[in-house]
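> Letter by letter, the chains look like this.
Protein chains: 2
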Amino acid sequence: MHLKAPEHQVAGHIAKDGKPGPLVDDKGRFFKPLQGDSRGEIEVMFYESFSSNTQVPDNIRRYFPEYHGTQAVDGSDGAAMIVLENLLSKYSKPSVMDVKMGSRTWYPEASEEYIQKCLRKDKGTTTVSSGFRISGFEVYDHKELSFWKPNRKLLNGIKVDGVRLALRKFVSSNTLSNTSSKPDSAFVSSVYGGSKGILTQLLELKTWFENQTFYHFNSCSILMVYENDSILKGDVDDVQAQVKLVDFAHVHDGNGVIDHNFLGGLCSLINFIRDIVQNPDESSAEN
Amino acid sequence: MHLKAPEHQVAGHIAKDGKPGPLVDDKGRFFKPLQGDSRGEIEVMFYESFSSNTQVPDNIRRYFPEYHGTQAVDGSDGAAMIVLENLLSKYSKPSVMDVKMGSRTWYPEASEEYIQKCLRKDKGTTTVSSGFRISGFEVYDHKELSFWKPNRKLLNGIKVDGVRLALRKFVSSNTLSNTSSKPDSAFVSSVYGGSKGILTQLLELKTWFENQTFYHFNSCSILMVYENDSILKGDVDDVQAQVKLVDFAHVHDGNGVIDHNFLGGLCSLINFIRDIVQNPDESSAEN
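Quick note, the sequences are listed as chains A and B, same order.
Read in order, the letters of the first sequence are residues 1 to 287 in UniProt numbering.
Read in order, the letters of the second sequence are residues 1 to 287 in UniProt numbering.
Any copy will do: because identical chains look the same in the list, a pair fits if it lies in one copy or spans two.
When the alpha-carbon atoms are kept at most 30 Å apart in a straight line, the in silico BS3-like pairs for lysine-lysine are as follows:
| # | residue 1 | residue 2 |
| --- | --- | --- |
| 1 | LYS244 | LYS153 |
| 2 | LYS244 | LYS206 |
| 3 | LYS143 | LYS93 |
| 4 | LYS244 | LYS149 |
| 5 | LYS117 | LYS19 |
| 6 | LYS206 | LYS121 |
These aren't lab readings, by the way, just hints derived from the structure by calculation.
Full structure from sequences and hints, please.
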């Protein structure tokens with residue numbers, strides 16, 4: 001089995017200081033190391049529960065990575081890894097964005113120290129103000145014919161206007177490293193809009209979140225992906241826009257209550273993207 | 001002008017330590033003292049903005065108290081008071097519940113001390129877990145033929161199951177002070193259900209909150225009211241169930257973002273009430 005580090009990871013843990021990072025094989029599988037502090041166990045428990053939960057409708061199941069159990073992997077000193085679908089294996093030149101959901105990333109049962117640490121970051125980013133924060137993104141630049149990734153520290157410091165700009169850059173064709181150029185929002189209708197677009201998918205997820213009380217998806221991310229190769233080949237309507245939920249190391253039992261924290265953030269993200277779909281030519285939309 | 005203290009106040013400030021409380025007249029008006037620390041000014045600013053905001057649809061405006069400006073009132077040492085519609089003046093025997101909305105009652109611009117104070121209370125009540133907390137309620141007991149109000153301290157300590165129980169007690173006819181008796185949920189369909197019921201009204205409000213980015217209703221309450229006199233007279237379908245938003249001392253500009261904090265809590269409240277409407281005979285509904 002030949003394993004290598006994934007090419008287009010925009011957020012989350014990577015191999016560092018001797019700790020293993022995620023790996024991918026050439027058969028469309030993604031190997032994720034179990035995180036410490038019981039987070040790995042919680043993520044495995046979530047995948048086990050979710051994959052056997054017959055009350056999750058099929059149209060919702062497709063927004064989650066396929067789960068293939070856990071496996072000891074040679075490349076990571078024999079440690080067990082979660083085996084998942086590699087969400088990007090079908091993409092040749094993917095633009096990817098990771099959006100961490102919710103107006104808080106902590107949960108009531110956590111330690112006071114953990115809550116205060118999360119709260120500081122939630123207040124410092126757009127988590128509290130907007131109900132989500134952009135953890136990272138990578139876009140294919142159609143002028144430079146290469147991938148562009150914003151500086152992580154700059155991205156962490158953005159406010160609401162920065163979120164609007166980033167969500168436009170994500171669907172633009174022009175030189176993105178040039179901060180004085182306005183994003184052209186060239187792919188708004190094919191990526192965000194339409195019956196297969198990201199907005200439609202987010203609205204379908206929203207309907208489920210208005211009712212489901214199984215899981216509280218604390219500190220979970222929405223991954224948005226689309227294909228740039230189709231655009232380069234002139235087929236702008238075949239961008240394979242896709243929404244997926246990822247990172248379940250802090251999922252808790254819903255205890256009969258809906259996940260209002262995730263849902264509120266999802267409604268907010270929907271509103272940002274709907275604004276762009278309805279006003280593709282404006283750099284920002286008013287009330 | 002003859003003014004007196006309102007009869008059925010279930011939450012909020014009352015006259016205490018020489019500070020004036022709210023007053024009502026016999027013409028259907030409610031006089032609310034301006035709160036200190038700029039909260040009074042913020043509430044007046046909200047009412048001035050809201051009453052002149054032509055983009056608020058009429059079907060939404062009816063969920064807010066009518067505003068009649070401010071006025072110096074003799075009964076309160078000549079201090080200015082906000083003059084509002086008395087929401088209960090048309091009711092003879094009202095059952096009333098005050099639900100403080102949102103999974104946080106603080107806002108990012110507040111002082112660290114204020115945030116930590118709110119956070120402690122939010123974690124200690126159902127605010128964080130359920131996206132709202134029941135601040136107070138008063139129900140007409142059809143067996144005892146008198147009003148019953150739960151102990152405020154006990155109410156503050158309830159968890160998710162206590163919220164379910166309180167929302168059932170609110171629409172029950174049997175002796176509520178007897179904690180061993182199960183609420184009979186006798187008025188579920190007439191108060192919560194139906195085309196004029198509370199669930200329909202909450203869903204209408206939700207549609208607006210999914211789009212409006214004018215206001216963030218921090219620490220605002222939803223008041224639910226219905227008439228018991230109609231029930232005593234045998235007309236169970238004329239309970240005049242009503243939802244109103246109250247308490248705008250912490251409303252902020254939405255800055256182009258929806259109020260995901262209020263909306264998340266509203267969706268959660270809707271789910272609790274929908275569970276009861278769909279399972280009127282069960283004491284608790286599973287997923």
